Amino acid sequence: MGGWQPLPEGLPAEVRHFVEQLRLLKDDTGLSLVALGARTAYSKSSWQRYLNAVQPPPRQAVAALCRVAGLTGADAERHTVRWELAVQAWPRPANEPEPPPGTGEYEDDPTLPWWDSPEPERTPRPHGGLLPAAVLLLLVLLLVAVVGVVALG
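For the sequence shown, counting from 1, position 121 maps to 145 in the working numbering; every step adds exactly one.
Calculated from the structure, these hints are not laboratory results.
Among the hints, a few may not be true.
In silico EDC-like cross-links for lysine to aspartate or glutamate, where the CA-CA straight-line distance does not exceed 20 Å [claimed, not checked]:
(1) K68 to E44
(2) K68 to D52
(3) K68 to D51
Each pair of labels, with its calculated beta carbon distance range [stated by the list, open to error]:
(4) P32 to R83: 19 to 27 Å
(5) P156 to R91: 44 to 52 Å
(6) K68 to H41: 21 to 29 Å
(7) R83 to S56: 22 to 30 Å
(8) G34 to K68: 25 to 33 Å
(9) S67 to G153: 36 to 44 Å
(10) V58 to G34: 28 to 36 Å
(11) A37 to Q79: 51 to 59 Å
(12) E33 to K68: 45 to 53 Å
No experiment lies behind these values; they were computed from the predicted model shown.
Don't be surprised by glycine CBs; every beta carbon is placed ideally from N, CA and C.
Work the whole structure out from these sequences, hints included.
Listed below in structure tokens is the structure:
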């Protein structure tokens, strides 16, 4: 992992292993952090935080990196399992209060890239839309044509 800064001391083994695997996966893509940011919905600075163990990445960021690296199926699933183990062990910042028991799960970032976002449900338009106006216009034009033929004919 040539150009990477050392990971912080005292990092739990699960977190260290996860971040090292993410770094290897990123290195295998051959992309810079800027290029990785351009291919995912996450900025260069976000990837720097994730890959230096400053902040846990959202699940979607891990999935996006796997997709860019060409991982699918069981290979991508292994990274998701590592992510789940890492976020459970990820150290909380000192100024963040401890969550109440039973709610200590990492909250996933709901931000999805545009290509993974579900299509919004289309709401039916009221009947006073464009179609009735177009039909009315067509009838008026037809009436004008008929009146013109009768008057000139």
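- Query: Which hints from the list above does the structure break, by number from lowest to highest?
  - Reply: 11, 12
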